[in-house]
Amino acid sequence: MIKDFNYLRPTKVKEALDLLSAHKDDCKVICGGQSLLILMRQGLVTTDYLIDIKRVAELNYVNWDAKAGLTIGATTTHRTIEKSSLIQEKYRVLSDMETKLASIQVRNWGTIGGNVCHGDAAGDPAPVLMTLGATLKLGNAAGTRVMPIEEFYTDLFETALKEDELLLEIQIPTPAPRTGSAYEKFNLLSSDQGIIAVAASITLNGKTCKSARIALGNAAPTAMRAKRAEEMLAGQKLADDLLEKVGQAAAEDCEPIADIHASADYRRHLVSVFTKRMVKKAWQQAEKAA
Amino acid sequence: MKKELLRLTVNDVEYEVYINPKRLLVEVIRDELGFTGTKRACDTVSCGCCTVIIEGMAVKSCSVLAMQVDGLRVKTVEGLEVNGKLDPIQKGFLDEGAFQCGFCTSGMLMSARALLDENPNPTKEEMKDGIEGNLCRCTGYNSIIRAMTRVANGQYKEEQA
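Those protein sequence lines, which keep their order, are chains V and Y. In terms of numbering that gives the first Met the number 0, the first sequence is residues 0 to 289. In terms of numbering that gives the first Met the number 0, the second sequence is residues 0 to 160.
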């Protein structure tokens, strides 16, 4: 049973930020609510004030320009991102990830900003956004700040968002030339969260790897970069024994939990296998990329 | 708790209700407005039994605050039949026997309808994706896909005209 709350429905960003600063000690922000409402119904989250930003149209957009890259407003739904021809063309890994996120019903109502702020280590967008080098624009009544998404996650379901702050925008730079990206999760039902997930992004210089980014989902209390594995790739040519070592490094550096879905050891094994696969896939895409 | 005024359109009829803002859409549809065709089952955004169509989009009504549909148009399974004529997707389900116990059916119909509205000629894979968020423990889904295929093939077009 959901505990009673006062319902506030701002329609402008400024109004939302003013409400947040007035009620910061006892409020929660809801947008699509696809995660939050479950927690509220289970009594895990209670609040005196619920600030509903679903109608803040200023934050519902997908924009792109060659210099600034891609910017996505926080209240943009997953389905909008999935179906955006702009994103399908320029950031295919992002639209592909969205098609694997939960079900159509959830993607129709749930938002990218809500997912990112929920801070679930098994969330699909975070690893992909990490490998794309995304930054987050956060705001409160006093102003805005920008931080890389990997600094945003501080612990299990915890983020660097201050109590009077709102996520406003997700910013994704234009990928370097000859960059390829890939994402896949392992699960039993395709609409489930990943038992683990791996995203990789590879930039090539000739036949050698110029730089690499690898991010893991549900393999630690938060989504995380596998930095040692990334460093092993720099300056190297694609080879099976290299992939083996890279997968091993990622598996050693993650901190998976054991739960009803998989043991910690099995998760490490999966991380190693999927890291190999995603690095190879991203590499092959980079070879084809302009 | 202060009650809030909610204005919404369900199956082309406008309603005004005063509700506690914590009420979920499925509760308002069933308990306030009496459209009990929409089923409530898992309550955790898993099973899809409570699926309704909001402004053309299939959404699980157990995971939406009713206040969020203020001013919007909602269609429930009761709204599929028009002037005594079943919707083609309902005919398809009947002709293929695409149910046994029937509990998932109203949600399944709404997901199938929303998919066909959005994409009138879906591939089999697209049909599967369209009902991915709806669980059925009886049919094995094949009869549901066949029902959707009938509609996509335009089988009931003349009867609707």
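Careful, some of the hints might be misleading.
What the hints assert, rightly or not - To give a feel for the contact side, a few chain V residues facing chain Y, derived at Cβ under 8 Å:
(1) I1
(2) D3
(3) R40
(4) V44
(5) Y48
(6) D51
(7) A56
(8) Y60
(9) N107
(10) W108
(11) L187
(12) S189
As the list claims (entries may be wrong) - The calculated lysine-lysine pairs, modelled on DSS-like cross-linking and capped at a C-alpha distance of 27 Å, are:
(13) V:K226 / V:K209
(14) V:K99 / Y:K2
(15) V:K236 / V:K209
(16) Y:K127 / V:K27
(17) Y:K1 / V:K11
(18) V:K82 / Y:K2
(19) V:K280 / Y:K127
(20) V:K226 / V:K206
(21) V:K89 / V:K280
(22) V:K99 / V:K136
(23) Y:K1 / V:K23
(24) Y:K74 / Y:K127
(25) V:K27 / V:K161
(26) Y:K2 / V:K11
(27) Y:K90 / V:K13
(28) V:K2 / Y:K123
(29) Y:K21 / Y:K90
(30) V:K2 / V:K27
(31) Y:K90 / V:K27
(32) V:K99 / Y:K156
(33) Y:K1 / V:K13
In short, the hints are calculated from the structure, not lab data. Just so it is clear, CB atoms sit at the ideal spot from N, CA and C, and this is done for glycine as well.
ask   = Which numbered hints turn out to be false for this structure?
value = 4, 5, 7, 8, 11, 14, 16, 18, 27, 28, 29, 31, 32
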